[in-house]
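Residue strings, one per chain:
There are 2 protein chains.
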Amino acid sequence: MKKWIFLMMTLMATVGTNAQKSESGVAAHIIAMEKAALDKWGNGNPDGFLDISAPDVVYFDPFVEKRLDGIDQLRALYNSIRGQVHIDRYELLNPKVQAGATMAVLTFNFNGYQKEVVHKWNCTEVYRLEKDGSWKIIQTHWSLVLPKLQ
Amino acid sequence: MKKWIFLMMTLMATVGTNAQKSESGVAAHIIAMEKAALDKWGNGNPDGFLDISAPDVVYFDPFVEKRLDGIDQLRALYNSIRGQVHIDRYELLNPKVQAGATMAVLTFNFNGYQKEVVHKWNCTEVYRLEKDGSWKIIQTHWSLVLPKLQ
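Residue numbers (the working numbering), protein chains in the order written: chain X, 1 to 150; chain C, 151 to 300.
Quick caveat, the hints were computed from the structure, so don't treat them as lab data. It is possible that some hints are incorrect.
Stated by the list, open to error - Here are the simulated DSS-like cross-link-like pairs (lysine-lysine), alpha carbons at most 27 Å apart as the crow flies:
hint, chain 1, residue 1, chain 2, residue 2
1, X, 66, C, 265
2, X, 66, C, 246
3, X, 96, C, 281
Unchecked claim - Estimated spans, in silico, between C-beta atoms of each pair:
hint, chain 1, residue 1, chain 2, residue 2, range
4, X, 96, C, 251, 46 to 56 Å
5, X, 47, C, 263, 12 to 22 Å
6, C, 213, X, 113, 17 to 27 Å
7, C, 281, X, 113, 37 to 47 Å
8, C, 263, X, 148, 16 to 26 Å
9, C, 284, X, 88, 39 to 49 Å
10, C, 213, X, 96, 14 to 24 Å
11, X, 84, C, 265, 37 to 47 Å
12, C, 220, X, 84, 35 to 45 Å
13, C, 185, X, 43, 37 to 47 Å
Virtual Cβ for every residue (Gly too), placed ideally from N, Cα, C.
Please construct the entire structure, taking both the sequences and the accompanying hints into account.
Okay, structure coming up:
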């Protein structure tokens with residue numbers, strides 16, 4: 001019985017240490033995923049985001065009237081603008097990841113440049129660790145910074 | 151050893167069942183927290199949100215130029231409009247909670263009524279289960295639905 005207790009304690013200690021170690025690793029991994037998807041997005045290709053979104057993803061942006069629910073609704077939206085988005089360059093500002101064991105929220109400000117015009121956005125992405133070990137987006141929220149209202 | 155294995159399996163089965171059972175309980179609990187805070191908010195009192203926000207909360211709304219980081223920045227913003235927000239009534243539409251063991255994301259559309267004028271919002275709240283057993287907001291994102299741009 002002592003052996004079992006020892007094994008359990010060793011396991012718990014290992015899990016704890018790995019959790020601490022892995023938080024910065026998770027942050028770096030998620031930010032890299034987001035940048036890779038944004039690189040495709042800026043060239044009119046939404047597949048980067050579709051490939052890393054979960055079946056139950058929910059989505060907000062300023063131009064949809066209410067939350068989109070599920071990957072089919074998101075795919076329909078993205079396909080409707082496929083090839084139409086062109087960003088010359090972008091800045092992903094102050095990315096922050098708040099991570100739990102199986103979920104993580106990434107927030108950042110985003111400046112997208114089209115020639116000399118800059119479009120400023122707020123973004124919140126919630127990622128979830130799936131059973132196959134991959135991280136997938138379950139919530140996306142894009143909004144305009146200081147929109148100039150009528 | 152057989153007894154230990156049996157105990158472990160019973161424990162794991164119980165944890166699994168509780169996790170399934172508790173997901174709807176977590177959703178109901180979090181939606182109730184949000185509504186209680188909104189009820190105060192609509193009467194000019196931001197303390198409902200401040201009381202349930204974690205020290206490391208991050209925050210977006212359309213009128214701040216970049217993400218706010220931490221409860222002190224959020225408190226400063228809320229205190230600057232304390233007593234100035236008055237909502238006659240509101241609708242919290244299609245609230246959805248996607249919950250993990252220690253984090254949950256709540257999304258909804260929100261209609262706030264001031265006399266006959268309706269203001270339409272998107273909202274994402276990320277809640278985290280704290281060590282004391284309470285759920286706290288670690289991320290808030292409010293944005294306007296279909297803003298009429300200049």
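Taking the hints in turn, this is what the structure says about them:
| no. | hint | result |
| --- | --- | --- |
| 1 | 66(X) / 265(C) | holds (22 Å) |
| 2 | 66(X) / 246(C) | holds (13 Å) |
| 3 | 96(X) / 281(C) | holds (22 Å) |
| 4 | 96(X) / 251(C): 46 to 56 Å | violated (21 Å) |
| 5 | 47(X) / 263(C): 12 to 22 Å | violated (41 Å) |
| 6 | 213(C) / 113(X): 17 to 27 Å | holds (23 Å) |
| 7 | 281(C) / 113(X): 37 to 47 Å | holds (43 Å) |
| 8 | 263(C) / 148(X): 16 to 26 Å | holds (25 Å) |
| 9 | 284(C) / 88(X): 39 to 49 Å | holds (46 Å) |
| 10 | 213(C) / 96(X): 14 to 24 Å | holds (20 Å) |
| 11 | 84(X) / 265(C): 37 to 47 Å | holds (40 Å) |
| 12 | 220(C) / 84(X): 35 to 45 Å | holds (38 Å) |
| 13 | 185(C) / 43(X): 37 to 47 Å | holds (43 Å) |
When the structure is compared with the earlier hints, violations turn up for hints 4 and 5 and for no others.
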